[in-house]
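Chemist: Please model the entire structure based on the sequences and the hints provided.
First to last, the sequence lines map onto chains A and B.
Residues in the first sequence are numbered consecutively from 19, following the working numbering.
Residues in the second sequence are numbered consecutively from -1, following the working numbering.
To be clear, the hints were calculated from the coordinates, so they are not data collected in a lab.
In this text, all values refer to a predicted model and were calculated from it rather than measured experimentally.
Hints may be right or wrong, so weigh each one.
[To be verified] Facing chain A, according to a computed beta carbon distance under 8 Å, are these residues of chain B, among others:
(1) Leu153
(2) Leu183
(3) Arg184
The beta carbon of each residue, even a glycine, is placed where N, CA and C say it ideally should be.
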Amino acid sequence: MNPDPLVNFLQQYAPTAPPPSPGLEARILNATRPQPRPVWHWFPPALAVAGLSLWLGVASAHLWQPSPAQVAEMEAWVEANWHGGDELLPLP
Amino acid sequence: MVPAACVNPIPTQAETPLHPDLALVQRCQQGDPEGFRWLYRRFQPRVRGTLYRLCGAVALDDLTQEVFMRVWRGLPRLRQLDIFNTWLYRITLNVATDYRRQCAQKRTQMETLTQTSPDRVPAPDLMHLHYEELVRQGLETLSFEHRTVLVLHDLESLPQKEISEILRIPVGTVKSRLFHARAALRRHLEQQGVTL
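Modeler: Written out as structure tokens, the structure is:
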């Protein structure tokens, strides 16, 4: 009990809020539920990354050329590992 | 059929040393989907009561929703759980202040609307209803600053120190506003024939 009669009066007759509308809780909880990200949020970055990867792959395949030393090394390896006959296979 | 998770929404003391309210806040921060529902149910009456006493009934549902949306967005950044109550009241007052600012811009429309209180709780008797209306009118005569302090202190029973933290003003200013608010309200009630 508060010694001030005004405070007692206020607490006794304080205006009470009307009850919330039935759908308010659902409205709030729906709004706070994590929503799936719309396609236009994730598709452009994903497309950009895929395009860049492809471009890098193609570009590196085109740009890479073996040096003469590497060519000689590859030829030597083929010679050493060639187990077939010297003749070419007959044409069918 | 109530799911088992809903029966005991608040962790027991054995699970966490935190106050149950703060444990609930922590659950929300950890992304517990049911946590926010219980947080809403726990704090909605307090938020709603404060908003009603500060802004009336017209936009009460929308204002309540706005408070809880701000709480939802702000929760991940809330580091000190023990100030949750102060933080919640601060958000509530910010929403109320924003609303009153909007109302001031279109005052003529709002004055018409605030005269109608659509969903009043039925009062037990006419005298109670009359006094409640007098208090409501009295609160409306106060400035927003005075009204805020009076509502938080005398109706929400918050200590002056917490009010000073919520409003970010010195305790002395809280005391001064409370004194003037009470005096103005006492005058108003006495003019209406209430003997205190």
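Chemist: Hints first: check each against the structure and report whether it holds.
Modeler: So, going through the hints one by one against the coordinates:
1. The beta carbon of B:Leu153 comes within 5 Å of a beta carbon in chain A, closer than 8 Å, and the hint placing it at the interface holds.
2. The interface hint given for B:Leu183 is met, as the beta carbon of that residue sits about 7 Å from the closest beta carbon of chain A, less than 8 Å.
3. At its closest, the beta carbon of B:Arg184 sits 5 Å from a beta carbon of chain A; the interface hint therefore holds under the 8 Å criterion.
The structure is consistent with each of the numbered hints, conforming to all of them.
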